[in-house]
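J.: Each chain is listed here by its residues.
2 protein chains.
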Amino acid sequence: MSQTSVQKFIKQFKLFENDQIQQTQLQHRYALVEAFGIKEGMKVLEIGCGQGDTTVVLADTVGESGHVTAIDIAPPDYGAPFTLGEAHERINQSELGARIDFHLETDFLEMNSDKQYDAVVLSHCSWYFHDPAQLLAYFKRIRSISKMLCFAEWDMQFEKITQRGHFCAASILALYSQFTANDGNIQNLFGKSEIGKMIEDAGMKVDLEVRVDAHFLQDGQWEIDYAREVSKEFAAAAVRIQTLIQNYADMLDVEGKNESLDSFVIVAK
Amino acid sequence: MSQTSVQKFIKQFKLFENDQIQQTQLQHRYALVEAFGIKEGMKVLEIGCGQGDTTVVLADTVGESGHVTAIDIAPPDYGAPFTLGEAHERINQSELGARIDFHLETDFLEMNSDKQYDAVVLSHCSWYFHDPAQLLAYFKRIRSISKMLCFAEWDMQFEKITQRGHFCAASILALYSQFTANDGNIQNLFGKSEIGKMIEDAGMKVDLEVRVDAHFLQDGQWEIDYAREVSKEFAAAAVRIQTLIQNYADMLDVEGKNESLDSFVIVAK
Chain A
1 MSQTSVQKFI
11 KQFKLFENDQ
21 IQQTQLQHRY
31 ALVEAFGIKE
41 GMKVLEIGCG
51 QGDTTVVLAD
61 TVGESGHVTA
71 IDIAPPDYGA
81 PFTLGEAHER
91 INQSELGARI
101 DFHLETDFLE
111 MNSDKQYDAV
121 VLSHCSWYFH
131 DPAQLLAYFK
141 RIRSISKMLC
151 FAEWDMQFEK
161 ITQRGHFCAA
171 SILALYSQFT
181 ANDGNIQNLF
191 GKSEIGKMIE
201 DAGMKVDLEV
211 RVDAHFLQDG
221 QWEIDYAREV
231 SKEFAAAAVR
241 IQTLIQNYAD
251 MLDVEGKNES
261 LDSFVIVAK
Chain B
1 MSQTSVQKFI
11 KQFKLFENDQ
21 IQQTQLQHRY
31 ALVEAFGIKE
41 GMKVLEIGCG
51 QGDTTVVLAD
61 TVGESGHVTA
71 IDIAPPDYGA
81 PFTLGEAHER
91 INQSELGARI
101 DFHLETDFLE
111 MNSDKQYDAV
121 VLSHCSWYFH
131 DPAQLLAYFK
141 RIRSISKMLC
151 FAEWDMQFEK
161 ITQRGHFCAA
171 SILALYSQFT
181 ANDGNIQNLF
191 GKSEIGKMIE
201 DAGMKVDLEV
211 RVDAHFLQDG
221 QWEIDYAREV
231 SKEFAAAAVR
241 IQTLIQNYAD
251 MLDVEGKNES
261 LDSFVIVAK
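Note that the protein sequences, when read in sequence, are chains A and B. Each residue of the first sequence is one higher than the one before, counting from 1 in full-length UniProt numbering. Each residue of the second sequence is one higher than the one before, counting from 1 in full-length UniProt numbering.
With the rest of the complex left out, here is chain A (with noise of 0.2 Å):
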């Protein structure tokens, strides 16, 4: 169903044509974007929404009578081979470029708006964030100005061995953000318990949770060779931790074949 999608939305808005590895986001941003219940009509604030990668599914999904405002904190000139920039201008100068307001370098708590939307979207960037209590606050916000809120993250409970290899590139990039001077992504993995319980103390209610397929995507891999580089980076920690490292360090290949973890999505009221 997401296949299909993803033909149209390039026959009609002429993006990613020859863009393989855009196609295949572009596949898991349509499950994610179903799984939250986006509709037609919808007014949409994502945050985090980096190059537009889900942004534009959103802003296909609410159609011309919908409206999706895309924030990041990230300045322009951030991303390749693309900057944030360079991708924004592509998909403004698209027909889905009506429908959707991009603002970088934008701190959601100190944006100053008094308008309601349909849904809120964090889509994998909480990892990112470098204190729960950050995210929380995030969420209170969140709640007072939408009816809903729509979360996706890797899903760290792997069902698939397959996924190992990317469930301890995850672990190694967590601890390389603790451990070392570094200019580590990965700051904090937080689950579905940790935001479950993060979405009752902002008042809000976990109406659905599930898990979406996201074995086929490219991130894995390309977590798993990051976490490689960065696990000989580990000689001034502690030695309980190196010797951690270098185990998660040898787990990150099984037989060659190392797939994504899967995502889950959390909807809340």
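A hint or two may mislead.
Stated by the list, open to error - Cut-off 16 Å, straight-line C-alpha distance, at most; resulting in silico cross-link-like pairs (EDC-like, lysine to aspartate or glutamate):
#1 Lys257/B / Glu159/A
#2 Lys232/A / Glu194/B
#3 Lys160/B / Glu255/A
#4 Lys197/A / Asp250/B
#5 Lys160/B / Glu159/A
#6 Lys257/A / Glu159/B
#7 Lys192/B / Asp250/A
#8 Lys192/B / Glu159/A
#9 Lys232/B / Glu194/A
#10 Lys192/A / Glu34/B
#11 Lys160/A / Glu255/B
#12 Lys160/B / Asp253/A
#13 Lys160/A / Glu194/B
To be verified - On the chain A side, residues computed to face chain B include the following (Cβ under 7 Å):
#14 Lys11
#15 Met156
#16 Ala174
What the hints assert, rightly or not - Label-pair distances were calculated between CB atoms; the ranges are:
#17 Arg211/B / Gly63/A: 49 to 57 Å
#18 Gly37/B / Gln134/A: 52 to 60 Å
#19 Asn185/A / Glu86/B: 50 to 58 Å
#20 Tyr78/A / Ala133/B: 40 to 48 Å
#21 Glu159/A / Gln218/B: 17 to 25 Å
Derived by calculation from the structure, the hints in this document are not laboratory data. Given the structure is predicted, the values throughout are model-derived calculations rather than measurements. Even glycine gets a Cβ: it sits at the ideal position worked out from N, Cα and C.
Start from chain A and add chain B according to the hints.
T.: Structure of chain B alone, referenced to chain A:
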């Protein structure tokens, strides 16, 4: 095959007759000792003998013409439900007693002896070492007194999803020793690659490396129960460690069917 050995053992030596747990453990110890390549007539030194679960199998295997010296750094009153002293006393009273010398409160590096051995066994005791340098010092001394090092430890590189809980428990317990004031047992999760490197550094060569099935042991569930308990005691650790531990704690059960990790065996000469 090991099952038959267990039945023969119980009949012949009148040990563990009504103890299902010990019988299951024995089965695994027979598989390890077979993988080690221990033969009739050998003089064996076992380091970290604990209650003597492996010791009795070694003693059965070397037979009347062989001998086992079994040492442990722990005192006689350590251990439950039987203390080491009680367990050794029981073994000494059996037919196997004549083939075994137990020495408790004995530090291998301080041990004053010029005796040479056909094999030195370190079975499932390496994770208790506080420091890799200490284990390396053991390996170096072993090289000077024996033709053969027989090493076994849990294999973190699990390949069955039902072993995920034991893996996560071991990870939690290693981090527990690092981050909380505690009486944690697991100190360093030494894996195959690290042990292999230490063996080289000690001037020996890996002669054999095999995996020994241990999924049927009770140890995985014991560690899971213990890890679940201590996972609440990380409140003083850094936030990133807390989120990591919470995630691992949520992964301790796989549909209620938890199996133990396998063992890896390395024989070096």
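J.: Now, for every hint given, state plainly whether the structure supports it.
T.: Status of the hints after comparison with the structure:
1. Lys257/B / Glu159/A: 13 Å, holds
2. Lys232/A / Glu194/B: 14 Å, holds
3. Lys160/B / Glu255/A: Holds. Lys160/B to Glu255/A sits at ~13 Å (cutoff 16 Å).
4. Lys197/A / Asp250/B: 13 Å, holds
5. Lys160/B / Glu159/A: Given pair Lys160/B, Glu159/A holds - Cα atoms ~10 Å apart, limit 16 Å.
6. Lys257/A / Glu159/B: 13 Å, holds
7. Lys192/B / Asp250/A: Holds, at roughly 9 Å.
8. Lys192/B / Glu159/A: Violated: Lys192/B and Glu159/A sit about 24 Å apart, past 16 Å.
9. Lys232/B / Glu194/A: 14 Å, holds
10. Lys192/A / Glu34/B: 44 Å, violated
11. Lys160/A / Glu255/B: 13 Å, holds
12. Lys160/B / Asp253/A: Given pair Lys160/B, Asp253/A holds - Cα atoms ~14 Å apart, limit 16 Å.
13. Lys160/A / Glu194/B: This hinted pair is violated, its Cα atoms lying about 26 Å apart.
14. Lys11: Where the cut-off is 7 Å and the nearest Cβ of chain B is about 40 Å from Lys11/A, the hint is violated.
15. Met156: Holds. Min distance 5 Å.
16. Ala174: Given a least distance of 6 Å, the restraint on Ala174/A holds.
17. Arg211/B / Gly63/A: 49 to 57 Å: Given a distance of about 55 Å, which is inside 49 to 57 Å, the answer is holds.
18. Gly37/B / Gln134/A: 52 to 60 Å: 57 Å, holds
19. Asn185/A / Glu86/B: 50 to 58 Å: The hinted range 50 to 58 Å holds for Asn185/A and Glu86/B, with Cβ atoms some 54 Å apart.
20. Tyr78/A / Ala133/B: 40 to 48 Å: 43 Å, holds
21. Glu159/A / Gln218/B: 17 to 25 Å: 23 Å, holds
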